[in-house]
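Participant: Listed here are the chains, written in short residue letters.
Protein chains: 2
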Amino acid sequence: MIRIALDAMGGDFSPQEEVKAAMAALQKYEDMQILLFGDPAQIKEQISKPQLLKEERIIIMPTDEIITMEDEPVKAIRRKKNSSMVRAAKAVKEGQADALVSSGNTGALLAAGLLVVGRIKGIDRPGLMAIIPTLKGNRPNFILMDSGANADTKAVNLHQFSIIANVYAQQILEIPQPRVALLNNGSEASKGSSLSKEAFQLLNHEERIHFIGNVESKTLLDGPADIVIADGFTGNAVLKNIEGVATGLLGYIKDILTESGLLTKIGGLLIKSAFKKKLQILDTSKAGGAVLLGVKAPVIKTHGSAKAEAIMYGIFQARAMVEGRVAERISHHFDQNSLGND
Amino acid sequence: MIRIALDAMGGDFSPQEEVKAAMAALQKYEDMQILLFGDPAQIKEQISKPQLLKEERIIIMPTDEIITMEDEPVKAIRRKKNSSMVRAAKAVKEGQADALVSSGNTGALLAAGLLVVGRIKGIDRPGLMAIIPTLKGNRPNFILMDSGANADTKAVNLHQFSIIANVYAQQILEIPQPRVALLNNGSEASKGSSLSKEAFQLLNHEERIHFIGNVESKTLLDGPADIVIADGFTGNAVLKNIEGVATGLLGYIKDILTESGLLTKIGGLLIKSAFKKKLQILDTSKAGGAVLLGVKAPVIKTHGSAKAEAIMYGIFQARAMVEGRVAERISHHFDQNSLGND
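Order-wise, the sequence lines are chains A and B.
According to the numbering used here, the stretch in the first sequence is residues 1 to 342, in order.
According to the numbering used here, the stretch in the second sequence is residues 343 to 684, in order.
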């Protein structure tokens, strides 16, 4: 039995979408139990299959505090002890659940992962792994790590991220030999900041990964690598930039098609279905959420505005990580070598 | 008389596009002279108005070396003394010309600016200012500085960039009170790396600029600020990312329109002209080039694949900077205060 702790209160459409996601997820997998943390009345109202409660496949865990998107992360985790997020993280820590899924405040979830679930021994700083769709290339997406868990990063962190993300890519994305690259401002080994130059050397000498060198942010959507390693500040800037440019440009194009003359409008109608179909490539709702890697259990962040489908895939992702024993496999790498500082 | 030193050899379409650009630029301005550095035979072949040579409005400065895109920047500047780029930079240094324009190797041009033209006293590190088009907002573009001159940056550099870019925005873009923002991974003052937190405080206390706080990379194309200050590593990643995502997405959309069924193709034809017209917003050829700011004279980098129009606007930009006495005005700020470390 795989048990998922689901924070049902922190997202933009909570708890409705979380409850829907839980019911849909349980329909697919028999051997799964979901602990729903949040306001019991609101949650109960959304459960259209009361059978799931009777069978204890959904268990409502009553909480009466909510961490909002505006809360200061670490403070919120320390003070709002009875929030849905902290209680869900505690359930994982104490072994009542195997993994944590939340659409709530990203910073708070990172803090909950770090301070409540706890980091794996030997890992200095866990990182946030994002999955980003590609427009070309062999694979539909690539991993960016760290996409924002750490604002300040050392080369040893980048080195550790490469090992950690490699385990995820092998176990969950089923890529036997993931291509690992370093995000840098030039392709040559000599390019970059002092941090990226130092990290290049560490990655280049790491035999457990298939390091293919530097990649520039210009080529990311062409899928030049399966795993792109970045410091959290730059990774976050690039992640949000991809989102912003893609959203901005598609919105601008939509405006052209609706605000222009009659012929353009007709043209717009004719291309609509092809557009819709092809641009599904950018739809991330099936890709799962961002994952805090380097902590003792799967901690998954779905988008703040995630709907039931995206949350359901986040639950599946958490499940796959539990089944694939990702945290244990990561831990194994840091038990046996000198990478860590513990 | 304003005299521009034009490196006629370093770009993808040199010297043809440089010569065309020079002839077009001279047609607009009577009181301008252009020194064309490069292979005399190749340059002469492209000059369709020999009158300009007779009148000494174009002067060919023969050089026999070229810095290629593959050359290691600092090494190339030190060794290829008779390259078009180094000679053009020397002409500026020695007072034969007022400004330098090149489509060549960016790193080499930055090195030429720093090592040959020389930095302004009091400025620790010059920065590369890029002009990026917006999709929304009050203005058609914004300034990003540093977009990649420095891989490693200190808070004092970011502070200096804000003063420097502010002079440019006031003098050249004619924005009386430019909105200056710091690129960060959160909008609150408390967010970010140790570098960005320190820089936030410096910018927030700088009375000579109108600091509006942090901006995230997600909103950049909405034009939230006139000047966005970034460290060169992140700035470069964001700049190249904007370019990559926009190019990738537009290419992908074009493929949808041409590879899909007949109706979509017809639709594609109908929207073509509206698209073409509206997407001119992204055309940067009239915006001028990137500018190395913080050196003693205007040094302008047009795109490696720049055509005559873009280079001509780069020449106009150089001219405007000379007329607006931008370098002197920047220098003035650093003479009178304790910002610099000199």
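Hints were generated in silico from the structure; no laboratory data involved.
You may find that some hints are simply not true.
[Said to hold, decoys possible] Beyond 12 Å from chain B on every Cβ pair, some chain A residues (computed): (1) D12; (2) K20; (3) Q42; (4) K93; (5) S147; (6) A151; (7) P176; (8) E188; (9) L202; (10) E243; (11) A320.
[Said to hold, decoys possible] A few chain A residues that face chain B, going by a derived Cβ cut-off under 10 Å, partial list only: (12) M1; (13) I2; (14) I47; (15) I209; (16) I212; (17) N236; (18) D335.
Yeah, the Cβ is synthetic: ideal placement off N, Cα and C, and Gly gets one too.
Participant: So, as I understand it, the hint says I209 (chain A) touches chain B; can you test that by seeing if any CB pair is closer than 10 Å?
Facilitator: Violated: closest Cβ of chain B sits about 22 Å from I209 (chain A), beyond 10 Å.
Participant: If we take the beta carbon of D12 (chain A), is the closest beta carbon in chain B still more than 12 Å away?
Facilitator: holds (16 Å)
Participant: When the nearest CB of chain B is found for I212 (chain A), is that gap smaller than 10 Å?
Facilitator: violated (18 Å)
Participant: Mind verifying the non-interface call on S147 (chain A)? Its CB should be farther than 12 Å from each CB in chain B.
Facilitator: violated (10 Å)
Participant: Against chain B, does E243 (chain A) keep a CB gap of more than 12 Å to every residue?
Facilitator: Answer for E243 (chain A): violated, closest chain B Cβ roughly 6 Å.
Participant: Against chain B, does Q42 (chain A) keep a CB gap of more than 12 Å to every residue?
Facilitator: holds (29 Å)
Participant: Less than 10 Å between beta-carbons is the criterion; does D335 (chain A) satisfy it with respect to chain B?
Facilitator: Hint violated; D335 (chain A) Cβ to chain B Cβ min 31 Å, cut 10 Å.
Participant: Quick check on the hint: M1 (chain A) CB to chain B CB, less than 10 Å?
Facilitator: With Cβ-Cβ at 39 Å, over 10 Å, it is violated.
Participant: Could you let me know if the closest chain B CB is still more than 12 Å away from the CB of A151 (chain A)?
Facilitator: violated (4 Å)
Participant: Per the stated criterion, does the least C-beta distance between P176 (chain A) and chain B lie above 12 Å, as a non-interface residue requires?
Facilitator: holds (27 Å)
Participant: Run the C-beta distances from L202 (chain A) to all of chain B and say if the shortest one exceeds 12 Å.
Facilitator: holds (17 Å)
Participant: Verify the interface restraint on I47 (chain A): the C-beta must sit less than 10 Å from at least one C-beta of chain B.
Facilitator: Violated, because the Cβ-Cβ distance from I47 (chain A) to chain B comes to roughly 35 Å (cut-off 10 Å).
In summary, the numbered hints that this structure violates are 5, 6, 8, 10, 12, 13, 14, 15, 16 and 18.
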